[in-house]
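Chain D is fixed; fit chain H onto it per the hints.
Line by line, the protein sequences are chains D and H.
Here the first sequence is numbered in this note's numbering, starting from 1 and rising by one per residue.
Here the second sequence is numbered in this note's numbering, starting from 1 and rising by one per residue.
Hints listed in this document are in silico derivations from the structure and should not be mistaken for laboratory results.
Nothing here was measured: the structure is a model prediction, and the numbers come from that model.
Hints should not be assumed to be uniformly reliable.
It does not matter which identical chain is used: a pair holds within one copy or between any two.
[What the hints assert, rightly or not] Below, computed lysine-lysine pairings styled on DSBU-like, alpha-carbon distance capped at 35 angstroms:
#1 K19 - K84
#2 K141 - K190
#3 K84 - K190
#4 K84 - K251
#5 K141 - K251
#6 K2 - K172
#7 K246 - K130
#8 K172 - K130
#9 K246 - K173
#10 K190 - K172
#11 K84 - K246
#12 K3 - K141
#13 K173 - K251
#14 K141 - K246
#15 K190 - K251
2 protein chains.
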Amino acid sequence: MKKPIGIFDSGIGGLTVLKEILNAMPGEDTIYLGDTARVPYGAKSAETVTRYSLENARFLLKFDIKLLVVACNTASAYCLPRLKQELPIPVIGVIEPGARKAVEVTKTKRVGVIGTEGTIRSGAYFDAIKAINPAIAVFIKPCPLFVPLAEEGWTNNQIARLTAQTYLHYIKKQWIDTLILGCTHYPLFKGVISDIMGEDVMLIDSGHETAAEVFKCLMDKNLLETVSSGQNTHRFFVTDSPERFKQVGSKFMTANLDAVELVNVGS
Amino acid sequence: MKKPIGIFDSGIGGLTVLKEILNAMPGEDTIYLGDTARVPYGAKSAETVTRYSLENARFLLKFDIKLLVVACNTASAYCLPRLKQELPIPVIGVIEPGARKAVEVTKTKRVGVIGTEGTIRSGAYFDAIKAINPAIAVFIKPCPLFVPLAEEGWTNNQIARLTAQTYLHYIKKQWIDTLILGCTHYPLFKGVISDIMGEDVMLIDSGHETAAEVFKCLMDKNLLETVSSGQNTHRFFVTDSPERFKQVGSKFMTANLDAVELVNVGS
Numbered sequence: 001m002k003k004p005i006g007i008f009d010s011g012i013g014g015l016t017v018l019k020e021i022l023n024a025m026p027g028e029d030t031i032y033l034g035d036t037a038r039v040p041y042g043a044k045s046a047e048t049v050t051r052y053s054l055e056n057a058r059f060l061l062k063f064d065i066k067l068l069v070v071a072c073n074t075a076s077a078y079c080l081p082r083l084k085q086e087l088p089i090p091v092i093g094v095i096e097p098g099a100r101k102a103v104e105v106t107k108t109k110r111v112g113v114i115g116t117e118g119t120i121r122s123g124a125y126f127d128a129i130k131a132i133n134p135a136i137a138v139f140i141k142p143c144p145l146f147v148p149l150a151e152e153g154w155t156n157n158q159i160a161r162l163t164a165q166t167y168l169h170y171i172k173k174q175w176i177d178t179l180i181l182g183c184t185h186y187p188l189f190k191g192v193i194s195d196i197m198g199e200d201v202m203l204i205d206s207g208h209e210t211a212a213e214v215f216k217c218l219m220d221k222n223l224l225e226t227v228s229s230g231q232n233t234h235r236f237f238v239t240d241s242p243e244r245f246k247q248v249g250s251k252f253m254t255a256n257l258d259a260v261e262l263v264n265v266g267s
Numbered sequence: 001m002k003k004p005i006g007i008f009d010s011g012i013g014g015l016t017v018l019k020e021i022l023n024a025m026p027g028e029d030t031i032y033l034g035d036t037a038r039v040p041y042g043a044k045s046a047e048t049v050t051r052y053s054l055e056n057a058r059f060l061l062k063f064d065i066k067l068l069v070v071a072c073n074t075a076s077a078y079c080l081p082r083l084k085q086e087l088p089i090p091v092i093g094v095i096e097p098g099a100r101k102a103v104e105v106t107k108t109k110r111v112g113v114i115g116t117e118g119t120i121r122s123g124a125y126f127d128a129i130k131a132i133n134p135a136i137a138v139f140i141k142p143c144p145l146f147v148p149l150a151e152e153g154w155t156n157n158q159i160a161r162l163t164a165q166t167y168l169h170y171i172k173k174q175w176i177d178t179l180i181l182g183c184t185h186y187p188l189f190k191g192v193i194s195d196i197m198g199e200d201v202m203l204i205d206s207g208h209e210t211a212a213e214v215f216k217c218l219m220d221k222n223l224l225e226t227v228s229s230g231q232n233t234h235r236f237f238v239t240d241s242p243e244r245f246k247q248v249g250s251k252f253m254t255a256n257l258d259a260v261e262l263v264n265v266g267s
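Only chain D is shown next, with the shape it has when bound in the complex (with noise of 0.2 angstroms):
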């Protein structure tokens, strides 16, 4: 019998790892939960986003997965190894993999990170480029609006390029030439802050990187499938507003969103 992978995010934001999954690895199935009754995440503290995550992580074991992407930067960045500890899977983030690529492309030896308040604040990405290379330099900056933008559809248009050129402002002046996206929705804006950051600054685009990292894990251990029988299942949850889901999530993958099941995973 063939096991899903496991993906969760606070929202819809996750998508787009799940998009890069689906690239990457178009013989698995998935099960993707979106907590969009207590979403965003981004703005909570530490204890709050931790026990969402337990409670979002529990409720994805039901379904016999055989590794758990944690598609969402601030719960990445709060609570990973808690989660490693509790389950008898393997756990993915997405602060890891992108810090690494970050790391690997830049020579300048200076990289800056984007991302909510939460991950911001918790200086994740600070600790896992400096646990990597205590030499680069690392220039860090919240960008709240990003997510609600995304969320309106407004990633191209004169309030976008405004809010970038507001927030991206600092991070331009550190003559950085990596720039880590540190939000799953972040990715929509890619055209933007590219035009704002010049095409010396490469992009990195934490998901992209997550399903490099998922690829190998599942591979090392054998769980790879490596054949497609077009047939896969992609199940959606979410603890809020179906609909909601099906509409906003549409600009962010192209995948069919029309199966979309609402749950209860609170305690």
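Same frame as chain D, now just chain H:
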């Protein structure tokens, strides 16, 4: 023994209502609950918002409050009748007072309403206005970005102005003479909205009208504290991140937010 007024909101926005209550009734004690662990309510379903609201109300009831103010438009829109039915004390929401005032002041009989997705989708303002005078034409527009903009403190910059222009474009063409600010965060954008709509359009601040309704209700029931001792107690509870509540809350009201206590109201 003096009984306090209880007030809850999904988060910080209700502080604009509390401010109006303190202005109108300086002799009252108050207890405020911001459900910051589950904020925002604006894009969540009626069922979820009702569940959260009942939990908030039950928490405040423990303090022997004499009246409950539902200082959240989304919660008022979705579950005011249910709260009135379940609670043994008077319950006042923010929809009815705003709607009544708009009906009272409109001369052209054309009224606009802006609010969160939930408030607008519920049709609560539309229904409340039509119930008083079915001849009034009502024009609605959800403005989801105003809440995160207010919390970022961007209420009067070019981004706020462009966002308001985009959202109000449709409403402005309807020849309204009255616009209800149907979200507790929106009074912070009065300057920008007023500039765009022009001086012939009257802005209705639901929080201000709600405070008048609370005053009237307490007076009618002989529950009003007419003498201010200058020694009133104002307690603040949040379900997450007291520090963030203090910091962002200071943009909403100048009262002393030093003592913000963390509680868990969830089931």
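Against which earlier hints does the structure fall short, listed by number upward? 6 and 12
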